[in-house]
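Asks: Respectively, the protein sequence lines represent chains V and H.
Counting from 618, one number per residue, gives the positions in the first sequence under my numbering.
Counting from 618, one number per residue, gives the positions in the second sequence under my numbering.
Take every hint as true, because none was put in to throw you off.
Any copy will do: because identical chains look the same in the list, a pair fits if it lies in one copy or spans two.
The calculated DSS-like cross-link candidates involving lysine-lysine, where the alpha carbons are at most 25 Å apart (straight line), are:
1. Lys-683 with Lys-804
2. Lys-768 with Lys-780
3. Lys-792 with Lys-841
4. Lys-804 with Lys-792
5. Lys-710 with Lys-804
6. Lys-717 with Lys-804
7. Lys-790 with Lys-739
8. Lys-790 with Lys-804
9. Lys-780 with Lys-739
Derived from the structure by calculation, the hints contain no laboratory data.
There are 2 protein chains.
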Amino acid sequence: MTITLYDLVSLTPGIAWSSNTQKTRLCLNFKGIPYRTEWVEWPDIKGVYEKHSLPASSRFHDGSPKYTLPVIYDPSTGATISDSLAIAEYLEKTYPDTPKIFPHGTVGLQAPFEDMYIEHSKSMVPLLIPNICRNIMTPTSLPVYQPYMEKLLGMKMADFDAKSEVAVEKWRKYKENLEVVARWYRKTDGPFLMGDTISWADFVVVSIMMMFRAVWGEDSQEWKDVVSWNEGVWGNLVEELDRYTTVF
Amino acid sequence: MTITLYDLVSLTPGIAWSSNTQKTRLCLNFKGIPYRTEWVEWPDIKGVYEKHSLPASSRFHDGSPKYTLPVIYDPSTGATISDSLAIAEYLEKTYPDTPKIFPHGTVGLQAPFEDMYIEHSKSMVPLLIPNICRNIMTPTSLPVYQPYMEKLLGMKMADFDAKSEVAVEKWRKYKENLEVVARWYRKTDGPFLMGDTISWADFVVVSIMMMFRAVWGEDSQEWKDVVSWNEGVWGNLVEELDRYTTVF
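Isolated chain V (complex conformation) (with noise of 0.2 Å):
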């Protein structure tokens, strides 16, 4: 029985780049469970929840509906889940055996942490989307996914310039507020932040950097800011668990 993953499609056939399917592809393959990706379209996520009968995973601030991705579908139980945390929660209790995402129970502080690490990484995201919208959304999901992305970041795409003072300070900004997860990090020996052992924490932080190579690829200034800030420890990390991104 292989669960079926669903997750956002590149221009690039058979490249991930989502941080959020991301996040719950490093766990599938961490735990060894056998799934296979099913690539959706921007416009087609919503079709994904009505296939399977599921709620919205969140509504927006006037309380329409919110559609993301990843959504899992487990045949073997039958079950539907939206959101990397609901699913990574899911996977834990489903698979006991397998390798563990919340070692020692430590679930109830990797939710918090995963919160503040969005928080310190927001300043990047008007920086990134626009190489989204370029390097990343297919003729079929640009036309719906610009227009969205420019209403919630009150920006138009055209207008964005990477070399901008406010982008320079975004960018600066966005390093600042690493050094404080980079701190976290370093109150252990690592290479992860639970020292020798692997966790949820250590995939939402590494399934951002993998966007960055994603989107920006791996010879932009970007990915090599990001790789050789605070002593190397965001490239260490990618590349201890690049085992975990094989894609099937």
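Starting from the known structure of chain V, fit chain H onto it as the hints suggest.
Replies: Frame of chain V, contents of chain H only:
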């Protein structure tokens, strides 16, 4: 060799009330490390730093030094340490054969948990401080503490009205934020954040609750509120950890 814990004096002799120093007391008692409390008046905190030639624990936005308690002095190593988290990390390293505050290498998860918890507690600070002025501060401390806090919070203690719309809204907001923290607690079977294992996160959480009890009193509506919220999770947690609050 007995550690000295510098703690803030209260109107009622021998009663510990500050959440930050309480975290250190919980650590010392939990680990069974001998210590004795030295009570300090608010204006005399700086003197503790000077006595031990200790640099300020942090700085204000304008760069001026910030002197805070707890501070511990450990005669067996000669170390003087400020900041409750730094003290906990010091105790964990210096006394490795005592019960773990950061079990299973979780220190890198526990530090951001604390930041996140404080973020979720902020809205009640302006409600608490006027009661600290009224019920806790001694005649020696109050004339320094009160103007300091009035400047920090941008409010006059004399203007404070616990029944005002603003105050009621802040308390409602606090309750709402604690619901988020309770969701993290519900992820295991409890009673602690890591299930049946006590850790720093629990000390962080109860130290605030215990401060409520000391400041507002056990008969106050505020204390009754807190112990009743979220199916009594906070009341239970305080009860579980009260055995580590003895003042030596």
